[in-house]
Amino acid sequence: MRSVLKKLLWCGGAKNYASSRTSALPEEGRVRVHVGKDEESQCKLEVEANLLNHPMFEELLRLSEEEFGHSYEGALRIACEIDVFIKLINLHKTTN
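Per the UniProt record's numbering, the sequence shown starts with residue 1, numbered consecutively.
It is worth saying that the hints were derived from the structure and are not from the lab.
Certain hints may be false.
[Said to hold, decoys possible] With a Cα cut of at most 20 Å, we get these calculated SDA-like pairs of lysine to any residue:
#, residue 1, residue 2
1, 87, 69
2, 44, 30
3, 93, 29
4, 37, 88
Take these sequences, add in the hints, and give me the full structure.
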């Protein structure tokens, strides 16, 4: 799983966002996403950028646009429970 989901950067809202490491840009070929339906449950993750082209993730992004809109700054926001998102990543990994 580490190759698909590189690292969990933080969870549980901005008050727990203290590490200076998380402010650095993601490695080449990776993208930073915020996963969760609200700020209190959001987790910040880095995933392989090519995952965003998969139809399953394209649909998540479409649903997230409905939830959050499309004009905001920072990382992509995905309106999905973190455990469901990780299961989807694992499913993608096992089918490839």
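Against the structure, the hints:
1. A distance of roughly 25 Å separates the Cα atoms of residue 87 and residue 69; the hinted pair therefore is violated under the 20 Å criterion.
2. For the given pair, residue 44 sits about 13 Å from residue 30 by alpha-carbon distance, which is consistent with the 20 Å threshold.
3. Between residue 93 and residue 29 the CA atoms are separated by roughly 16 Å; this keeps the pair inside 20 Å, and the hint holds.
4. For the proposed pair residue 37 and residue 88, the alpha carbon gap of about 16 Å is at most 20 Å, so the pair holds.
When held up to the earlier numbered hints, the structure conflicts with hint 1 and nothing else.
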